[in-house]
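There are 4 protein chains.
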Amino acid sequence: MSDAKRPTKQELLSRRVEHIDIKRDDVRPLVRQMSRMAFSARDLARAADIYDRMLADRECGVILCLAGSLISAGLKQVFVDLVRNNMVDAIVSTGANIVDQDFFEGLGYGHYMADERYKGGLDDDLLRDLRIDRIYDTFIDEDELRVCDDTTKIIADELSPRPYSSREFIREMGAYLKQHGLKEHGKTPDSIVLAAYECDVPIFCPAFSDCSAGFGLVAHQHGRGDQPKVSIDSAKDFYELTQLKIKNPTTGLLMVGGGVPKNFAQDIVVSAEILGVDAPMHKYAIQVTVADTRDGALSGSTLKEASSWGKVDTVFEQMVYSEATLAVPLMCGYAYHQGAWKQRPGMKWTKLLDEVPASA
Amino acid sequence: MSDAKRPTKQELLSRRVEHIDIKRDDVRPLVRQMSRMAFSARDLARAADIYDRMLADRECGVILCLAGSLISAGLKQVFVDLVRNNMVDAIVSTGANIVDQDFFEGLGYGHYMADERYKGGLDDDLLRDLRIDRIYDTFIDEDELRVCDDTTKIIADELSPRPYSSREFIREMGAYLKQHGLKEHGKTPDSIVLAAYECDVPIFCPAFSDCSAGFGLVAHQHGRGDQPKVSIDSAKDFYELTQLKIKNPTTGLLMVGGGVPKNFAQDIVVSAEILGVDAPMHKYAIQVTVADTRDGALSGSTLKEASSWGKVDTVFEQMVYSEATLAVPLMCGYAYHQGAWKQRPGMKWTKLLDEVPASA
Amino acid sequence: MSDAKRPTKQELLSRRVEHIDIKRDDVRPLVRQMSRMAFSARDLARAADIYDRMLADRECGVILCLAGSLISAGLKQVFVDLVRNNMVDAIVSTGANIVDQDFFEGLGYGHYMADERYKGGLDDDLLRDLRIDRIYDTFIDEDELRVCDDTTKIIADELSPRPYSSREFIREMGAYLKQHGLKEHGKTPDSIVLAAYECDVPIFCPAFSDCSAGFGLVAHQHGRGDQPKVSIDSAKDFYELTQLKIKNPTTGLLMVGGGVPKNFAQDIVVSAEILGVDAPMHKYAIQVTVADTRDGALSGSTLKEASSWGKVDTVFEQMVYSEATLAVPLMCGYAYHQGAWKQRPGMKWTKLLDEVPASA
Amino acid sequence: MSDAKRPTKQELLSRRVEHIDIKRDDVRPLVRQMSRMAFSARDLARAADIYDRMLADRECGVILCLAGSLISAGLKQVFVDLVRNNMVDAIVSTGANIVDQDFFEGLGYGHYMADERYKGGLDDDLLRDLRIDRIYDTFIDEDELRVCDDTTKIIADELSPRPYSSREFIREMGAYLKQHGLKEHGKTPDSIVLAAYECDVPIFCPAFSDCSAGFGLVAHQHGRGDQPKVSIDSAKDFYELTQLKIKNPTTGLLMVGGGVPKNFAQDIVVSAEILGVDAPMHKYAIQVTVADTRDGALSGSTLKEASSWGKVDTVFEQMVYSEATLAVPLMCGYAYHQGAWKQRPGMKWTKLLDEVPASA
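Chains A, B, C and D supply the protein sequences, listed in that same order. In this text, residue positions in the first sequence follow the working numbering: the first is 1228, and each later residue adds one. In this text, residue positions in the second sequence follow the working numbering: the first is 1228, and each later residue adds one. In this text, residue positions in the third sequence follow the working numbering: the first is 1228, and each later residue adds one. In this text, residue positions in the fourth sequence follow the working numbering: the first is 1228, and each later residue adds one.
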């Protein structure tokens, strides 16, 4: 790019990604029409119906799994609404969604729309110079992301030194937003971390150091030297989520993307068995993904395959082959407007975990 | 399936997956021909050349990243050969590859070829009954997998209770194989965990509880009750890998699949910066994947995009769009037969990590 | 499948695919929200806006390109509505969509929803026995499809023997539906072929023998022996479509899927040049597809790549990465409810082609 | 791109794509190793074995189907070798492979390797200015392509005016290469069109006007005005290919890519039935593709699905999920070095078609 045409950082970061609000438009007539079509439309309609069944099943705890760049893509408000309306009881996610993207926005920052021309990658050198990070067609101010890293260090520094589950640490992040969010960064948008804190919905990031919080924790541990320090015990995450399965045997999985969150959440059925409890398979399971089945990787593996592992029952399971920004608003919007959640108090699983022995 | 045709477990688990040996066939003439073609063939040849350059660059530490079901698919021996021939200095992997598949085979167990008819998933109920787990076209004996889970518990039970990096724990798994493998399970095949133990190649699984070891650790922690216990500190993994980057600034990434390992290994450049060290971007980076770029997820994101984050340099980077079982033997076979590794002592990074303060 | 559970043909063909009606639900608020998100949602919203611009541009002729199993999937009514509301001026399609699926339904037949279990393919032997054809999750009565083949033979038999463009032959199919449809097969649903006949929208199938009509034409030619016979001149198709481009230089492409229709419609810019006319590139171009870009095939090739060939301008072009049943109702529904078509008389290109010398 | 860095056409067209020679390297040991792995490697090895079985089955006629940009990608010599060694008896292809790419090279022209930076599409305006056409990572001189178009017009002009099957026209192209190739354009590389002409292997392009020949034929028809002219009868193609199936009932399909060629070749089983002949399904069928199954389109539809249509038998069928440049050399190289073709005279189907009544 010639210097004359070279845009400034301010110009590049001028159009903010806005989050879709599923409460506004009642998509049920559209989804119902899709239920009589074929291919992804029919699959999506069936997945939406299964999600509605999960919510109507008074014994079912709903576990939301998130992988991929979903929050930066404008889906944050969808998940916030699920939390605030008792439509989800636990979240298992990649760290990027929860920390780099959601907590980051909770601190008052935002994601920005990139022009089509940047997708191809040829101007990434320019972006590097301007300290702008790119996710396909989306920009992030790297300096703001550094503040997010630093904030996680501040949180770690204030905790008593011991192993924490990611769930415990993320609850502290929620408390931080509750206390500092508004004051320090002006009008704070709602966030999944804050909503989950307020609604007693536990959030697990099984690969927690693989995100902005990892940077903060590395800095914390480095700063402590030989002194006692905060550590993140991913086995404790697994233990806690397994306890939830044991105490609330009927469960459903609402999965967006695959990866670690999908595997981790599916595995708790087996984990319960290891602890000597004969927990049933996940009764409901739906997944939105574009991952291919043919490379044998977990992300695209069918939910039928998971049934061979004893993890997922096959009566109410549905894969939806779609990029998430298209399918999630329709699927979750359908369930929202169906309103089964209105009769649902929510499991308040954070409270239940407080009763689990703190040392696991 | 009618009962009459119903196969036995023994019949289903009769044809073992065998691991391809890249040392046998010199694929260089084939790959060189591919370098003058187009599309994936040319990309693969260029990636093979970049890997060869990494090995010829005496300052470059090579980090192998593994995601997807690679070991069960017959690629174990490839990675064992890379380790034993100083062609890789560190490994970052999903837990499934290292524990459920490689360590599992290290204990003397195996993976089995499934007939085409099982891919579709309609017989997964039968598999469930027989306690056979399925990965697309591959079978596993679930009872044997339980032994693998139990073995990780045995290892945890024998360790002094404190937070461990996954790298430290996996080294103990290597020591276990060294000591017990042959005796207890007959003729033990070589494994990545054992080879890495013997060759001082550290292995990191940033989401370590998301695998068979997670089951063992949950059982360990549960068994300990309120007593001190082993925990897995994923922040420590990140700290250790960052230290390697700081002490050996020139690095190259050899990535198979995306997911957490890709993100984690790319991130150490930023992590070093957080610790106040101006480390260079990864100088070389190649990735084999079938993930799509268009859903914005990290697994399929281009290496050019990573350059906007300051993580990967763009002179020697190459994405190869292929399922791993086809591309990896050609790419790694090419580099093996080129022989640049013969002049290469290997970084022995495990030794270097022993000098890092034990408490991080 | 055991005989006891073996379903009858009637049971399998009991739930008819129904076509989505974009006129019912105003999706504009939803699509507008998507325009501020990222990834496919934003791309879809931009594509919808470009389609609206095509319709508002009074000089623009809109060419709809169809590939993939779209009509059997429940999208027929969308395209019928585009035709009847002057939202499209010509159609280029695979034969399967126009003959096997649309004309077939025009004869009074239908497509049926298959249960999830049939997708995997393990019961295809049963389907073969029952003379049921399968398209992924959709069933067709093969006996009814034979009637469709026969009907195209009847039409061919009644024509004077000479080379026809597929466009001319399909017009005869429209005339047939107009005359016989209702009488012979009961209540006839609307169809693209009929609507296009009535609205003077030409339909081109450049690979016309590659469908049910091919069977009819082979039977016709076989029956004629050495006598003069009807033939299908695909060069004449190309000539006619090029004439449209020459007489109406401003054009936009609305493409669903890739394949021959995409290539054929893009090529008319070059074809005009070959005839000595300096026609402008297609001014607008949008494509919905899941085809990958990385295999170099035309179906997934970017519209930017087409600009290197001088076929498509790059100001108003957009690829949307989505399976068609999800994206098409939103994209076309948006344009329908915007209503730019209300000011648009439609090009009535069939009339214009009647002025082209009959012998090309 | 700033003017200073702007490359010349000559610089951009300097590195020619070279065609891989499967005769050079015996890939059988590699493919045999792959047969015991999983996923695409095992599928590829099985497909290679099925191709070998086709060749060893003395009654089997082998039909090669080509879609995607295969010749420009460096696979031309593979298919030339299949033709010259009696490893294929008929070809069904997209026009682009046969005319724009193979015949084009037969005239002495070539394809060129593009640097990585051009893939992203941001320099397509420059390419447009320089009259360079791009296929992903490959360049073509547009002026040379115009000569190819013109040559097809010259051929059409010299033929007696009547409807031709594409097969008949392509044979004339072979004759043209035989006569003029060397003299007019210097040293002519071998080509599929020439080899097929010399070896009596018929080539069908069911959408023949959808390529460079379409331009030539449009110019021809335009030049003839009201005079009799050459036309291309795609129904005649279908009739001819069906006759081959009738006269040689045992057939196998070797498919690279999907699209019209796949559908067309599969359909001849049904077409024979329409003509009153009870022809068996294709006994063997293998396909290399990256197309997804989940959009219901034909390109990615499984061969099991084709069995529900009565087109393909399911005992010896195999899909291979891979980009063609990686899988085709291994699959065809395996069959070449197995040598079953040495006992095989080849069907010489062009001669058989000469016995079909000329008027169909």
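Since the hints were made in silico from the structure, they are not lab data. Just so we're clear, the structure is a prediction, and the values are computed from it rather than from any experiment. The reader is advised that the hints may include incorrect statements.
Simulated crosslink set (DSBU-like; lysine-lysine; CA at most 30 Å straight-line) [said to hold, decoys possible]: (1) LYS1232(A) with LYS1578(A); (2) LYS1232(A) with LYS1250(D); (3) LYS1250(B) with LYS1236(D); (4) LYS1236(B) with LYS1232(C); (5) LYS1250(B) with LYS1569(B); (6) LYS1250(A) with LYS1232(C); (7) LYS1232(A) with LYS1232(D); (8) LYS1236(A) with LYS1232(D).
Incomplete in silico selection of chain D near chain B, CB under 8 Å [as the list claims (entries may be wrong)]: (9) ASP1248; (10) ARG1263; (11) PHE1266; (12) ALA1268; (13) LEU1271; (14) SER1299; (15) TYR1336; (16) GLY1337; (17) GLU1550; (18) GLN1570; (19) GLY1573; (20) LYS1575; (21) LEU1579.
Take a look, some chain D residues computed to stay more than 10 Å from chain A by CB distance [claimed, not checked]: (22) ARG1243; (23) ARG1259; (24) SER1267; (25) ASP1276; (26) GLY1335; (27) LYS1405; (28) ASP1427; (29) ILE1473; (30) ASP1519; (31) GLN1565; (32) GLY1566.
Every residue, glycine too, gets a C-beta built ideally from N, C-alpha and C.
A quick look at each hint next to the structure:
no.: 1; hint: LYS1232(A) with LYS1578(A); in the structure: violated (56 Å)
no.: 2; hint: LYS1232(A) with LYS1250(D); in the structure: violated (52 Å)
no.: 3; hint: LYS1250(B) with LYS1236(D); in the structure: violated (43 Å)
no.: 4; hint: LYS1236(B) with LYS1232(C); in the structure: holds (25 Å)
no.: 5; hint: LYS1250(B) with LYS1569(B); in the structure: holds (14 Å)
no.: 6; hint: LYS1250(A) with LYS1232(C); in the structure: violated (44 Å)
no.: 7; hint: LYS1232(A) with LYS1232(D); in the structure: holds (16 Å)
no.: 8; hint: LYS1236(A) with LYS1232(D); in the structure: holds (25 Å)
no.: 9; hint: ASP1248; in the structure: holds (7 Å)
no.: 10; hint: ARG1263; in the structure: holds (4 Å)
no.: 11; hint: PHE1266; in the structure: holds (5 Å)
no.: 12; hint: ALA1268; in the structure: holds (3 Å)
no.: 13; hint: LEU1271; in the structure: holds (7 Å)
no.: 14; hint: SER1299; in the structure: holds (7 Å)
no.: 15; hint: TYR1336; in the structure: violated (16 Å)
no.: 16; hint: GLY1337; in the structure: violated (11 Å)
no.: 17; hint: GLU1550; in the structure: holds (4 Å)
no.: 18; hint: GLN1570; in the structure: violated (27 Å)
no.: 19; hint: GLY1573; in the structure: violated (26 Å)
no.: 20; hint: LYS1575; in the structure: violated (31 Å)
no.: 21; hint: LEU1579; in the structure: violated (34 Å)
no.: 22; hint: ARG1243; in the structure: holds (25 Å)
no.: 23; hint: ARG1259; in the structure: holds (21 Å)
no.: 24; hint: SER1267; in the structure: violated (7 Å)
no.: 25; hint: ASP1276; in the structure: holds (19 Å)
no.: 26; hint: GLY1335; in the structure: holds (34 Å)
no.: 27; hint: LYS1405; in the structure: holds (43 Å)
no.: 28; hint: ASP1427; in the structure: holds (38 Å)
no.: 29; hint: ILE1473; in the structure: holds (34 Å)
no.: 30; hint: ASP1519; in the structure: violated (7 Å)
no.: 31; hint: GLN1565; in the structure: holds (26 Å)
no.: 32; hint: GLY1566; in the structure: holds (31 Å)
Checked against the numbered hints above, the structure violates hints 1, 2, 3, 6, 15, 16, 18, 19, 20, 21, 24 and 30; every other hint is satisfied.
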